[in-house]
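Participant: Sequence:
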Amino acid sequence: MGFFDQFKRKKRAPTRIPIAVPIVLFALGSLILLTGIIFPDETSRFIAQAKPVKGKVIGIDKGGGETTEPSIVVEYEAGGRKYTVSADYYSQNLSEGSVLTVYYDPEEPSRAVVQTPDSMYMLVNISGWTLLLLGGALLVQYYRARDYYRKT
1170 MGFFDQFKRK KRAPTRIPIA VPIVLFALGS LILLTGIIFP DETSRFIAQA
1220 KPVKGKVIGI DKGGGETTEP SIVVEYEAGG RKYTVSADYY SQNLSEGSVL
1270 TVYYDPEEPS RAVVQTPDSM YMLVNISGWT LLLLGGALLV QYYRARDYYR
1320 KT
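FYI, in this note's numbering the residues of the sequence shown are 1170 to 1321.
No lab work stands behind these hints: they were computed from the structure.
On a predicted model such as this, the values are computed, not experimentally measured, just so you know.
Where a beta carbon is used, it is the ideal one built from N, C-alpha and C, also for glycine.
Label-pair distances were calculated between CB atoms; the ranges are:
(1) Arg-1185 - Ser-1264: 52 to 58 Å
(2) Lys-1220 - Ser-1267: 17 to 23 Å
(3) Glu-1265 - Ile-1192: 43 to 49 Å
(4) Leu-1197 - Thr-1321: 28 to 34 Å
(5) Asp-1210 - Gly-1266: 27 to 33 Å
(6) Ile-1192 - Glu-1276: 41 to 47 Å
Calculated cross-link-like contacts (lysine-lysine; reagent style DSBU-like; alpha-carbon spacing at most 30 Å):
(7) Lys-1179 - Lys-1320
(8) Lys-1177 - Lys-1320
(9) Lys-1220 - Lys-1231
(10) Lys-1180 - Lys-1320
Required output: the full structure, derived from the provided sequences and hints.
Facilitator: Structure representation (structure tokens):
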């Protein structure tokens, strides 16, 4: 045995992982990724046929207490009438009186959406991809361990 042989990495048995863990992570990642793709697409379709108008933030709820999600209330004018729309969105740069773009349905002006940054959907997509890849990596680990223990 040579001097450097003592520093060689010893082979260890791979860690066993229950098959449910990678499958659940993979499925959850797929579901989140699908959500991140579908919702922006529905919003884009609505915005394509809607009319843009400037709206003013009249209320901000930063979450906590009864509501956990931060939300804003925006007032806008359409056809000479004032309407309000709320959105589950909050930014540190937002304050009452801030001006945002609101898209409303010309046939039903009370139906509207507030333009939110695309970064919100990007975060959902990154989370989905992360869980999907983690589930895939754990699935590979599961099969490596299974094959190892079948041989021994």
